[in-house]
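Chain by chain, the residues:
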Amino acid sequence: MRIVVMPPFDREFFGGSDRLELEADSLFALVGKLDAIAPGFAAAAESRAAFAVDGVFAPVWSASLAGAGEVILLPRVAGG
Amino acid sequence: MSKLLVSTTVNGDAQEFLCDPGATLLEALREQLGLTGSKEGCGSGDCGACTVVLDGNMVCSCLVLAAEAEGRQVATIEGVAEGSMLHPVQQKFLEHGALQCGFCTPGFIVAAKALLDHNPAPSESEVRYWLAGNLCRCTGYDKIVRAVMDAAAQLRQERMPA
Amino acid sequence: MNAPSDQKTFRLVGTRPIRPDGIEKVTGKAIYGPDFVAPGMLHGAVLRSPHPHARIRGIDTRRAEALAGVKAVVTGADFPGGAEGTVAGGETPTDLKYASIKCMARDKVFFEGHAVAAVAATSAAVAEEALKLIAVDYEVLPHVTDIEEALRPGGPILHDDVFTQGLAETPTTPSNASLRFAMTRGDAEQALGAAVEVYTGRFTLQPVHQGYIEPHACVASWQADGQGQIWCSTQGHFSVRAMTAGILGMSIASIRVMPLEIGGGFGGKTTVYLEPVAMLLSRKAGRPVRLAMQRGDIFRASGPAPGAVIDIRLGALADGTLSGADIEFKYNGGGLPGAYEVYSGVMSTLSCYRVPDANVVGWNVLTNMPTVHAYRAPGAPQTYFAVECAIDELARRLGIDPIDMRLRNVLRPGDTDGRGMTLGAIGYAETLEATKAHPHYAAPLGPNQGRGIACGSWGNYGGPSTAAVSLAEDGSILVTEGNPDIGGSRAAMAMMAAETLGIAYEKVRVTVADTSSIGYSMGTGGSRTTFATGMAVVQAAEAVIEIMKQRAAQMLGADAAGIEWRDGAAVLGEQRLSIAEIAAKSGMTGGPISAEAAIHPGGFLPGFGAHICDLEIDPETGHTTVVRYTALQDVGRAIHPDYVEGQIQGGAVQGIGWALNEAYVYDREGHLDNAGFLDYRMPVASDMPMIEAVMIEVPNPDHPYGVKGVGETPIVPPLAAVANAVRDATGLRIGDLPLSPDRIYARLQAAE
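Residue numbers (our numbering), protein chains in the order written: chain A, 584 to 663; chain B, 10 to 171; chain C, 4 to 755.
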């Protein structure tokens with residue numbers, strides 16, 4: 584499964600790389616794996632990251648990633 | 010500094026209140042008389058949220074001293090409806106969705122009623138210029154102007170001899 | 004053109020009933036932030052810095068404390084240290100450290116109007132008098148309010164602990180550039196090199212204020228057992244609770260926030276300025292304390308939207324295909340870091356177009372201005388202004404109709420946007436087709452008139468929401484939700500509940516509950532309320548239907564599986580039980596009937612608008628009059644069309660104000676020169692024509708009634724629609740807002 588890491592997380596946590604290959608059963612599991620690569624990521628993600636699974640926003644981190652091809656990690660922005 | 014005793018008439022009722030010489034009519038209405046329908050948006054006469062009618066003249070109550078109300082007639086938003094019967098301007102604001110947050114609405118309704126009291130058939134342009142002293146940030150004025158025009162039409166209808 | 008793609012028909016959705024909170028708002032009975040009075044309440048006042056940038060060497064409050072009637076004085080020293088971390092849970096994350104400093108300065112003031120001390124006294128007059136007795140020892144520092152001056156080496160640096168985030172290499176010196184955020188796809192340089200036409204330009208915008216008419220106001224009451232209550236007007240009382248608790252080190256459940264009616268917000272009331280200060284004053288005084296801002300304070304010290312400098316190169320092929328873009332913008336973030344407009348700005352740039360090769364870079368630049376805060380589609384109107392003006396120029400050069408040019412590039416369902424998100428049932432092309440077919444587009448223009456077209460988009464949001472639906476004993480329905488009603492949302496909630504239950508609109512009453520009376524709901528913002536909270540209301544109503552079917556089965560001695568819900572009744576063959584009948588027997592079938600839905604929905608879709616602006620310019624004065632304006636928008640499905648149209652009309656007029664008049668004007672000393680409604684000129688009724696709002700309904704399949712957010716999108720297109728109309732009328736491309744008479748007149752004179 585491809586993980587597309589958008590700014591600012593790419594530079595902030597992953598040494599500038601914006602493409603990772605990881606397998607995970609759920610976003611919880613994925614965040615755990617990303618935190619192992621970049622300690623502190625999980626705490627940051629909880630307050631300011633959003634995920635899209637195959638192009639669709641996924642606010643529920645327990646949802647299954649079985650069969651997912653791509654997860655996009657991007658900053659959470661709500662609006663005014 | 011001693012307070013002034015002011016005797017006035019608000020929405021037809023005799024009222025007395027004590028105020029500082031520098032207090033505004035808006036402060037007296039809101040704080041002494043508990044009439045919080047008149048709003049303060051700016052305190053400088055620019056937004057019209059505090060619009061009331063004083064002896065038949067539309068004024069920003071934030072620019073009038075409370076003491077100036079002595080012996081005069083004050084009409085506020087709280088007196089626009091007759092009991093539970095809404096004034097046509099109020100009814101048309103509801104029917105046209107002419108309010109969003111509703112904060113500027115009392116000032117607009119008092120101003121619009123004042124317009125229709127002396128001009129029963131205003132043009133759109135006359136409505137827009139009459140209401141130019143009332144700021145609304147939510148609606149873009151479209152539905153407000155339509156509501157006032159519609160209220161004017163209804164009032165004309167009601168006044169026509171049967 | 005207004006043809007829904009699915010032909011579902013509804014009893015109530017799409018009708019225009021009178022809003023349930025209407026009468027109290029047209030009779031002056033509704034209680035807004037400044038109207039609330041608590042027994043024994045004290046009056047507070049805030050001392051604000053006269054300097055845009057200064058170090059606080061000391062504050063002497065002793066004389067103020069000694070004044071008769073003064074019950075409490077607080078300064079930055081009274082705020083607990085160590086308020087750190089972010090407030091999460093839905094709201095765009097807020098950094099508590101800076102939220103706290105925004106409420107009250109510590110060792111430095113960062114903008115004129117920054118709070119430095121506050122007083123609570125027995126009357127407002129005594130509180131004001133006490134402020135004069137507070138002596139603040141300032142060491143005045145050089146200041147900067149201009150974006151590019153703030154980046155110039157050797158100039159004043161606001162924070163010696165702020166280093167630019169988002170750079171490839173960790174910086175070693177502090178900078179006013181607090182954040183760099185970039186999104187890159189493909190090879191922009193190569194694409195621009197291969198383009199047939201490249202428009203290169205610079206655009207500048209000044210900060211503008213949200214301009215809600217109701218001033219910020221609250222009453223806070225702290226009790227000796229550590230519990231507190233707050234009555235305030237806010238877009239999100241749950242955020243007020245979390246921020247106040249976080250800043251003051253209280254537990255969240257110990258604070259109960261009662262939402263009063265809100266007099267406009269537009270994003271500006273999604274934070275706290277007063278509530279933690281009032282709570283501290285109350286803690287010291289032992290009595291409830293009211294704090295309110297004056298209009299001048301609001302302009303000087305509450306968040307405007309960022310001004311901007313935008314450099315753009317946009318390339319197109321001969322057929323109008325946008326082939327490459329290189330855009331760099333700098334936003335004026337104001338005094339404190341933490342603004343998110345750069346994130347949303349970058350992600351919004353080109354968000355409705357397919358541009359394969361694009362490089363978009365945004366910077367947040369700190370200056371001695373109030374810290375910017377969300378304003379309707381935060382961060383998007385600025386970059387869209389540059390992009391839509393550039394497209395207009397490219398269309399002219401290529402001889403292509405401006406709507407056709409956009410149709411060639413606009414995203415369609417199944418396309419991926421710049422973030423890599425695949426977009427579902429979007430109605431961008433339908434909206435543009437409707438714009439082209441609208442009679443306005445073909446109407447003749449008079450002398451000195453011009454017509455401009457521009458588009459805009461906003462991503463919208465979902466976010467967490469809780470709603471409860473319960474039956475009263477007679478079968479009437481109570482909906483309880485947690486989103487302040489800023490523009491008619493109670494009506495939409497009642498309609499969706501009544502539609503779902505199959506009953507009359509008037510049978511449903513809606514309450515916006517305080518933070519202790521309903522579960523967490525993210526604030527009214529992000530164009531999310533009718534979408535997300537509406538979905539929670541529908542789900543709670545559906546759960547109530549399931550309970551009622553069970554109860555009906557008990558009453559009929561039947562199996563619940565055989566019972567249908569039809570037209571507000573449980574139906575089994577010929578037998579029919581109404582909600583009233585089921586409610587009447589609820590005591591005998593298991594007790595009260597009630598259900599709650601607490602959800603965090605995805606499935607939101609962005610909004611898209613296309614605006615047509617006709618204006619006339621007086622060549623003698625440079626004065627501009629908007630003579631006709633049409634705003635078309637993909638709204639998903641309108642629950643209550645009056646309030647959807649109202650959002651479109653109001654947003655359009657805010658955008659027109661931004662384009663033509665509104666701007667923060669600072670003098671050389673860093674003082675705001677126009678901190679009032681007389682000089683900060685928002686549109687008034689006589690400035691505007693009717694705003695024709697055209698709703699294009701392409702329903703969102705992921706919402707039970709097809710809702711897409713509508714509130715924010717309409718402020719995005721007007722800036723360029725107006726500027727493109729000025730271009731059409733005069734031949735002048737003016738990239739600097741506002742397009743005020745003096746600016747247009749000077750350019751007309753220079754062109755002669």
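Since the hints were made in silico from the structure, they are not lab data.
We treat Cβ as the ideally placed atom computed from N, Cα and C, and that holds for glycine.
It cannot be assumed that every hint is accurate.
Chain A regions said to be covered by chain C (calculated; three or more residues, Cβ under 8 Å) [what the hints assert, rightly or not]: (1) 584-593; (2) 606-617; (3) 629-643.
Here are the simulated EDC-like pairs of lysine to aspartate or glutamate, each with C-alpha atoms no more than 20 Å apart in a straight line [as the list claims (entries may be wrong)]: (4) Lys32/C <-> Asp64/B; (5) Lys32/C <-> Glu40/B; (6) Lys32/C <-> Glu104/B; (7) Lys12/B <-> Glu672/C; (8) Lys32/C <-> Asp126/B; (9) Lys510/C <-> Glu104/B; (10) Lys111/C <-> Glu619/C; (11) Lys32/C <-> Glu167/B.
Calculated Cβ distances over 10 Å to all of chain B for the following chain C residues [what the hints assert, rightly or not]: (12) Lys32; (13) Ile137; (14) Tyr141; (15) Ala227; (16) Ser254; (17) Gly266; (18) Gly267; (19) Gly268; (20) Ile550; (21) Asp645; (22) Asp739.
Here is what the structure says about each hint:
no.: 1; hint: 584-593; in the structure: holds (count 4)
no.: 2; hint: 606-617; in the structure: violated (count 0)
no.: 3; hint: 629-643; in the structure: holds (count 11)
no.: 4; hint: Lys32/C <-> Asp64/B; in the structure: 23 Å, violated
no.: 5; hint: Lys32/C <-> Glu40/B; in the structure: 15 Å, holds
no.: 6; hint: Lys32/C <-> Glu104/B; in the structure: 18 Å, holds
no.: 7; hint: Lys12/B <-> Glu672/C; in the structure: 40 Å, violated
no.: 8; hint: Lys32/C <-> Asp126/B; in the structure: 23 Å, violated
no.: 9; hint: Lys510/C <-> Glu104/B; in the structure: 19 Å, holds
no.: 10; hint: Lys111/C <-> Glu619/C; in the structure: 48 Å, violated
no.: 11; hint: Lys32/C <-> Glu167/B; in the structure: 27 Å, violated
no.: 12; hint: Lys32; in the structure: 7 Å, violated
no.: 13; hint: Ile137; in the structure: 22 Å, holds
no.: 14; hint: Tyr141; in the structure: 27 Å, holds
no.: 15; hint: Ala227; in the structure: 29 Å, holds
no.: 16; hint: Ser254; in the structure: 32 Å, holds
no.: 17; hint: Gly266; in the structure: 3 Å, violated
no.: 18; hint: Gly267; in the structure: 5 Å, violated
no.: 19; hint: Gly268; in the structure: 8 Å, violated
no.: 20; hint: Ile550; in the structure: 34 Å, holds
no.: 21; hint: Asp645; in the structure: 3 Å, violated
no.: 22; hint: Asp739; in the structure: 24 Å, holds
When each numbered hint is compared with the structure, violations occur for hints 2, 4, 7, 8, 10, 11, 12, 17, 18, 19, 21.
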